[in-house]
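Q: Sequence:
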Amino acid sequence: MSMKLGAAVLASSKQANAYVIKNPNQITNSFTITDKAKAAATLNLSSESDINQLKSTLKNYDMASISTNDLAKIGALLYQNGLIDQHVESQFISGNMNFGANGQQINKDVKFNAIAMFNEMLIDTKGIAKANPEFAMESQAGYKVALHSLVGANQVVNALAYFSNSPHNNLSVNERA
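Each residue of the sequence shown is one higher than the last, beginning at 1 in my numbering.
Everything labelled a hint here was simulated from the structure, so no lab data went into it.
Yeah, the Cβ is synthetic: ideal placement off N, Cα and C, and Gly gets one too.
One or more hints might be untrue.
[As the list claims (entries may be wrong)] Derived DMTMM-like pairs (lysine to aspartate or glutamate); straight-line CA-CA distance at most 20 Å:
no.	residue 1	residue 2
1	Lys111	Asp70
2	Lys22	Asp62
3	Lys14	Asp35
4	Lys22	Asp35
[What the hints assert, rightly or not] Quick list of the computed label-pair ranges, beta carbon to beta carbon:
no.	residue 1	residue 2	range
5	Asp109	Gln140	36 to 44 Å
6	Ser49	Val20	37 to 45 Å
7	Asn102	Asn44	24 to 32 Å
8	Ser49	Met137	43 to 51 Å
9	Asn69	Ser166	22 to 30 Å
10	Glu48	Ala101	42 to 50 Å
With the hints as constraints, model all of the structure from the sequences given.
A: Here it is as structure tokens:
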């Protein structure tokens with residue numbers, strides 16, 4: 001009997017469909033950044049050189065239409081440069097959370113709206129805790145890490161969206177009359 005149970009457990013799937021974004025056209029939310037200084041502060045960028053380098057890196061990316069592969073590359077770069085912590089990087093690497101039967105990520109080149117996805121994931125996580133308070137209480141540390149990583153991912157993806165959509169390479173305001 002235990003042999004059959006063991007085989008059944010081993011045969012179980014680790015598959016997970018991609019996160020379903022309810023509002024895939026959402027490009028603004030409570031984390032939207034419209035100010036250069038706030039975007040720079042979110043990523044702890046203090047010099048114009050750092051900002052120009054980031055903007056150059058982001059010029060081919062759109063946070064409202066990005067793949068897991070691209071989001072993971074950006075997350076790894078930000079982490080390596082000390083601009084995000086490992087929890088936020090983990091959110092970026094997980095992308096749209098599409099996993100095959102063996103537990104490996106699949107469809108990593110499929111584009112999705114990271115702005116909408118991270119915002120909806122945060123709302124869903126808060127909703128689960130509100131509907132099931134025991135979840136937040138039993139795994140308080142885990143819940144806090146989940147909230148931290150999702151808030152951070154929302155802040156960072158919106159700062160990145162600001163810089164990737166910004167047409168100029170500098171922080172100064174052009175005051176031509």
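Q: Straight-line Cα separation of lysine 22 and aspartate 62 no greater than 20 Å?
A: 19 Å, holds
Q: For glutamate 48 and alanine 101, compare the CB-CB distance with the range 42 to 50 Å and indicate the outcome.
A: Given about 48 Å between the Cβ atoms, the range holds.
Q: So does serine 49 sit 43 to 51 Å from methionine 137, Cβ to Cβ?
A: 46 Å, holds
Q: Using the Cβ atoms, figure out if serine 49 sits within 37 to 45 Å of valine 20.
A: With Cβ atoms ~40 Å apart, the hint holds.
Q: If you draw a straight line from the CA of lysine 22 to the CA of aspartate 35, is it 20 Å or shorter?
A: 27 Å, violated
Q: Starting from the range 22 to 30 Å, see whether the pair asparagine 69 and serine 166 falls in it by beta-carbon distance.
A: Given a distance of about 24 Å, which is inside 22 to 30 Å, the answer is holds.
Q: For the pair supplied as a hint, lysine 111 and aspartate 70, confirm whether the alpha-carbon distance does not exceed 20 Å.
A: With a Cα-Cα distance of about 9 Å, the restraint between lysine 111 and aspartate 70 holds, given a limit of 20 Å.
Q: Mind checking the hinted window 24 to 32 Å against the Cβ distance between asparagine 102 and asparagine 44?
A: Hint violated: Cβ distance 38 Å, outside 24 to 32 Å.
Q: Is lysine 14 within 20 Å of aspartate 35, Cα to Cα?
A: 42 Å, violated
Q: Given the range 36 to 44 Å, decide if the beta-carbon distance of aspartate 109 to glutamine 140 lies inside it.
A: 37 Å, holds
Of the numbered hints given earlier, the model fails hints 3, 4 and 7; all others are met.
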